[in-house]
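Participant: For reference, the chains in residue letters:
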Amino acid sequence: MAKRSGERGSASVAAALAIFLTLFVGITLYFFLAKTWWYPPPINDFGREIDAQFARTFVITGIVFVASQLGLAWLVWRYRSNGGRASHFEGNNTMEAIWTTATIVLFVGLGLFGRAAWAQLHFDSIPSDAMVIEVTGKQFNWIFRYPGADGVFGRTAPEFVDETNPVGIDPKDPAGQDDVVTLTLGVPVGREIKLVEKSLDVTHGFFVRELRLKQDALPGMVIPVHFHIDPDKTGEYEIACTQLCGSGHHRMRATLKAMTEADFEKWLANEKAQ
Amino acid sequence: MSEAAHQHAEPTGFIRKYIFSVDHKVIGLQYIGLGIVAVVLGMILSWLMRLHLGWSTLAIPGLEKLSPAGAPGNVMTPEYYLSLMTMHGTLMVFFVLTNVPFAGFGNYFLPIQVGAPDMAFPRMNMMSFWVTFTAFLVLIAAFFVPGGPPLSGWTAYAPLSAVGQDAGPGEGWGQTLWALSIAIFCVAQLLGALNFIATTLDLRTKGMSLARMPFSTWAWFITSVIGLLAFAVLLPACVLLILDRTAGTSFFIPGGLVISDRLQAHTGGSPLLWQHLFWFFGHPEVYIAILPAIGIVSHILPAFLRRPLLGPRVLISCLAAIGFLSYMVWGHHMFVSGMNPFSAILFSVPTLVITIPATIATLLWIGSVYGARIRFTCASLFCLGFISVFISGGISGFFLAQPSIDTYLHATYFVVAHFHFVMGVAAIFGMFAGIYFWLPKMVGRMMNETLGKIHFWFTFVGVYCIFMPMHYLGLAGNVRRYAAFTDDYLAPLIPVHQFITIAALITGAAQFIFLFNLVWSRFRGPKATENPWQATSLEWSTTSPPPFDNFGGRQLVVHQEPYLYGVEGSAGDYVMQTSPETVEAR
Chain W
119 MAKRSGERGS ASVAAALAIF LTLFVGITLY FFLAKTWWYP PPINDFGREI
169 DAQFARTFVI TGIVFVASQL GLAWLVWRYR SNGGRASHFE GNNTMEAIWT
219 TATIVLFVGL GLFGRAAWAQ LHFDSIPSDA MVIEVTGKQF NWIFRYPGAD
269 GVFGRTAPEF VDETNPVGID PKDPAGQDDV VTLTLGVPVG REIKLVEKSL
319 DVTHGFFVRE LRLKQDALPG MVIPVHFHID PDKTGEYEIA CTQLCGSGHH
369 RMRATLKAMT EADFEKWLAN EKAQ
Chain D
6 MSEAAHQHAE PTGFIRKYIF SVDHKVIGLQ YIGLGIVAVV LGMILSWLMR
56 LHLGWSTLAI PGLEKLSPAG APGNVMTPEY YLSLMTMHGT LMVFFVLTNV
106 PFAGFGNYFL PIQVGAPDMA FPRMNMMSFW VTFTAFLVLI AAFFVPGGPP
156 LSGWTAYAPL SAVGQDAGPG EGWGQTLWAL SIAIFCVAQL LGALNFIATT
206 LDLRTKGMSL ARMPFSTWAW FITSVIGLLA FAVLLPACVL LILDRTAGTS
256 FFIPGGLVIS DRLQAHTGGS PLLWQHLFWF FGHPEVYIAI LPAIGIVSHI
306 LPAFLRRPLL GPRVLISCLA AIGFLSYMVW GHHMFVSGMN PFSAILFSVP
356 TLVITIPATI ATLLWIGSVY GARIRFTCAS LFCLGFISVF ISGGISGFFL
406 AQPSIDTYLH ATYFVVAHFH FVMGVAAIFG MFAGIYFWLP KMVGRMMNET
456 LGKIHFWFTF VGVYCIFMPM HYLGLAGNVR RYAAFTDDYL APLIPVHQFI
506 TIAALITGAA QFIFLFNLVW SRFRGPKATE NPWQATSLEW STTSPPPFDN
556 FGGRQLVVHQ EPYLYGVEGS AGDYVMQTSP ETVEAR
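As they're listed, the protein sequences go chains W and D. Residue numbering for the first sequence follows this note's numbering, starting at 119 and increasing by one per position. Residue numbering for the second sequence follows this note's numbering, starting at 6 and increasing by one per position.
Source of the hints: derived by calculation from the structure; they are not laboratory data. Be aware that a few hints might be false.
Restraint-style ranges between C-beta atoms, simulated for each label pair [to be verified]:
no.: 1; chain 1: W; residue 1: 273; chain 2: D; residue 2: 73; range: 43 to 49 angstroms
no.: 2; chain 1: D; residue 1: 514; chain 2: W; residue 2: 192; range: 29 to 35 angstroms
no.: 3; chain 1: D; residue 1: 557; chain 2: W; residue 2: 216; range: 45 to 51 angstroms
Only pairs whose alpha carbons sit at most 20 angstroms apart, straight line, appear in this in silico SDA-like list of lysine to any residue [as the list claims (entries may be wrong)]:
no.: 4; chain 1: W; residue 1: 375; chain 2: D; residue 2: 493
no.: 5; chain 1: W; residue 1: 312; chain 2: W; residue 2: 375
no.: 6; chain 1: D; residue 1: 458; chain 2: W; residue 2: 129
no.: 7; chain 1: W; residue 1: 153; chain 2: D; residue 2: 560
no.: 8; chain 1: W; residue 1: 312; chain 2: D; residue 2: 345
no.: 9; chain 1: W; residue 1: 375; chain 2: W; residue 2: 392
no.: 10; chain 1: W; residue 1: 153; chain 2: D; residue 2: 211
no.: 11; chain 1: D; residue 1: 211; chain 2: D; residue 2: 560
no.: 12; chain 1: W; residue 1: 375; chain 2: W; residue 2: 265
no.: 13; chain 1: D; residue 1: 458; chain 2: W; residue 2: 136
no.: 14; chain 1: D; residue 1: 458; chain 2: W; residue 2: 153
By construction, the Cβ of each residue, glycine as well, lies at the ideal position given by its N, Cα and C atoms.
With the rest of the complex left out, here is chain W (with noise of 0.2 angstroms):
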C-alpha cells in the first residue's frame, strides 16, 4: 500500500506526543512529591486520618495515571503508521472480567476505607462535655457567640438584628445576659468543641485548612460540627468562606485563635468587656 500524504510524518509526531506525555507525567509527579505546593499540617486526628486516606488515594490513582499516560506514549510511538495493515488482535475475556474486578475492588474498597474519617466527624456522637461555641455567617462576616457563664445560649429572632446585635439576641431573655459575640474563633487546645453552624442571609461555608473541615452554614438550619485542637498546636489559622455567598465573599474571612485554657479564658473574658 502507497505511503499517505498525513503519514510521512507519523515518526515525527508519534515521537512528540510520546515525548511529550511522558514529559507531562514526569513533571506532574514531581510537584505532587516534592510538595511544592502543598497542605498545610493538620492539627488534629482527623486531619491524619484524611491525609492518611489521601496519601492512599495518591498511591492507587498515582500508579493509574502513570501506568495508563505512559502506555498511550508507549503504544502511539509503537504502533505509528508505517503504511502497513493494522494487525489483527481481539479482545481477550478473561483480561477484561480480570481488569474489571481489579477496577471494582480497588475502587470500592478505597471508598470504603475512607468511611471511617467520615464517620468521625459526623456520626460519632458528641461528648457531652464539649465545649458549645455558635458560629453565624453573615455577608461577609463570621460571628461567633459563647453561651456565657451560665452555659446558655439565648434566644435569637431576626427582628432584635441590628450593627450591636449581630445575631439579634432578644434582649428581654435573661440567659443571653451573659453570651459573648465575637469577631475572632477562639478555643483552647486539647478540648472538643462542638461548633453550631447558622446563616443570617445566605448559604456560607466554614472552612479551616489546618482541621481539614469544612462545612456549609445554610439559612435555616443549624448544622453541628465538632473538633479538638492538639494540645501542642495553639496558634492562629484562617477561617474562609468555602460557599459564594455575594460581592464580598473572598473576603469572608475570620480567625480561629487556639489557645492554652488559661489564655483562653483570660481572652474570653477580655471579649466580654468589650
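The hints should help you fit chain D onto chain W, whose structure is shown.
Facilitator: Just chain D, lined up with the frame of chain W:
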C-alpha cells in the same frame, strides 16, 4: 421507512433554506455556529477573569465601556468578576458543551448515520434550535440590564439567587433573565431529545439494526434519554426560582433572613431543595456533555487506527451504564452542604461505581491502539489527546468521590481542575476531533492539516499548563470563586495564578488559528471526496456535502457492522456498511 417522514420538498428561498430551515443538516450547523459564538464569548470572559486573578489591580483597556459600574477605571470590581464567572460557566455548560457535541453534531449526523432522510419531526427540530437561540439572547441581555449579569455562579444556589436585589448587584434583573434563559433552554432540549429518540428508534434504514449503529449514534441516543429526564427536572426548578423572585413565593427561601439589613418577607422554603433539584439535573448534565464526545471519539478512532475498537458491545454497555448511574450520584456535589451525612455514604458508592464503566471504556481505547497502524491526522490527534485528558480529569474524581477527602477539597481549585478536564476540555477535544473529521463532509472542503496540527499542539500543551497546576492550588487550600487573593495565606499562590493566566492567554489565542483554518478551508480548502478518510459508516456513502435528502433519493441498505477496518475488503483495508461483499469471519 415511511414516506411521511420527509414530505417537505427542498426549499429554494434563502430564509427557508438557511434561517428557518427544517433540514437537520442546516440545524446542526446552526447549533455549531451558535456554539462557536458562545465559546468565543465564554473564552474572552475567562481571559478577563484570569487577568484579574493574576493581577487584581490591572486596568483592562475598554472594560469600563462594557460596564461602567462593573469596571470603574477599567479595573474589575469583585462583583463584576463573579458576574463574568457566572456567565462563563453558563455559556460554556449550556450553549457550548450541551449544544455542540450533542445538538450540533447529533443533528447533522444522527439521521445520516442511521440512513434516514431527516429527523422524525423536522419542524419541531427547527423550533428546538430557535428556542435555544432565544434562550441565548435572553442570557446575553443580562449583560445590559441595570445591575448587570447575575453573580451567583452557574449553579445559582438559593437563597443568594432567589431573594433579588438585596443579595447584591446582578441579583435583580440579571438573575431573573438567567433563570428565564435556562428555563427556555430546557424546553428546547426536551424537544430535541424527543426528536433524537424517535429518529433513532423509528427511522433506521433497512439492515441498520441497533447493533449496527455507530458509537456516536449510540452516544447521542443515550444522551437524549438522559437529557429528557434531566432537563425535565431543571425546567420546573427554574420556574420555581422565577416565582420566588417575582411572585413572592418561598420554595427555596427559609424564613427570618436578614439581607442588606432588611428582614426578608419570605418563609418556609428550603435552600437544600434547590441544590437537590439543580444537581439532579446538574450531574447528568456532565454526562450530557461528555457522552457525545466519548461517542464521537470512539467513532473516529477506528478510522485512524485502521482497526476496530476492542469490545464494541462492552463499550456501548459502558455508555448505557454511565447514563443509568448518572442519576444516582448527584449528592456527591453536596457532601458538605448540610444534607444528612448518612446519604453522603450512599451517594459515594455509586460515584465510585460510575468510574468503573468509564475506566473500562478508557482501557478499551488504549487497548485498541495495540496492533494498530495509527494515521496521525488532526482528528486522530485530538482523539488521542482526548484519552489523555479524560484520564487526567477522571483520576481526580477518585479523590472527590470520597466524602472524607472531599471535605477538604470541596470548593477549591482541585474541583475546578477536575471538571474542566473531564467535562470541559475532554468534550472540547471531542468537538475538535469531530470538526476536523466531519468538516469535509459538512462543507465539502478539507481542512488544512498543518494549521490543524499547530492548533493541536498549542491546545494540548496549553490545557495541561492551565489546568494541571490548579490541582496544586486546590491541595494548598485555594478556595474557588474568589475575586482576588488578598490574604497572607493565599498570596504566595499568586505566581501560580499568573502562570495559569499566561497559559490561558496563549492557548486561547491559538484557537484563532483554528477559527482561521475553519473559515479559510470553508472557501479555499481542497475539495473533499465522498470518503476522504476511507471510513465505513453511512455518512461516507453520500456526497460531500450530502444532498437535501441525504442520499439523493436512494434508500441505503446496511450489510455490515459499523467498523470493519483491518480486513481484506474490495476497496482496501476496510469494508463499508453499505457494501454487500462477504467479509471473512473473524
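Participant: Could you run down the list of hints and mark each one as holding or not?
Facilitator: Hint by hint, here is what the structure shows:
1. Taken as a hint, the range 43 to 49 angstroms holds for the pair residue 273 of chain W and residue 73 of chain D, whose Cβ atoms sit roughly 46 angstroms apart.
2. Restraint check, residue 514 of chain D to residue 192 of chain W: a C-beta distance of roughly 32 angstroms satisfies the suggested window 29 to 35 angstroms.
3. The hint said 45 to 51 angstroms for the Cβ distance between residue 557 of chain D and residue 216 of chain W, and at roughly 49 angstroms that hint holds.
4. The straight-line distance between the Cα atoms of residue 375 of chain W and residue 493 of chain D is roughly 16 angstroms, inside the 20 angstroms bound, and the hint therefore holds.
5. In summary, the hint linking residue 312 of chain W to residue 375 of chain W is supported, as the alpha carbons are separated by about 15 angstroms, within the 20 angstroms threshold.
6. With a CA separation close to 14 angstroms, the supplied pair residue 458 of chain D and residue 129 of chain W stays within the 20 angstroms bound.
7. The hinted pair formed by residue 153 of chain W and residue 560 of chain D fails the criterion: a straight-line CA distance of about 62 angstroms is larger than 20 angstroms.
8. Annotation: proposed proximity of residue 312 of chain W to residue 345 of chain D holds, straight-line Cα distance about 18 angstroms (limit 20 angstroms).
9. A hinted pair counts as satisfied when its Cα atoms are at most 20 angstroms apart, and residue 375 of chain W with residue 392 of chain W qualifies at roughly 18 angstroms.
10. Between residue 153 of chain W and residue 211 of chain D the alpha-carbon distance is near 60 angstroms, which puts this suggested pair outside the 20 angstroms criterion.
11. For the hint pairing residue 211 of chain D with residue 560 of chain D, the CA-to-CA distance comes to about 8 angstroms; that is within 20 angstroms, so the pair holds.
12. Simply put, residue 375 of chain W and residue 265 of chain W have alpha-carbon atoms about 18 angstroms apart, close enough for the 20 angstroms limit, and the pair holds.
13. Distance hint between residue 458 of chain D and residue 136 of chain W is fulfilled; the C-alpha atoms sit about 15 angstroms from each other, no more than 20 angstroms.
14. For the hint pairing residue 458 of chain D with residue 153 of chain W, the CA-to-CA distance comes to about 34 angstroms; that exceeds 20 angstroms, so the pair is violated.
Going through the hint list in order, the structure does not satisfy hints 7, 10 and 14.
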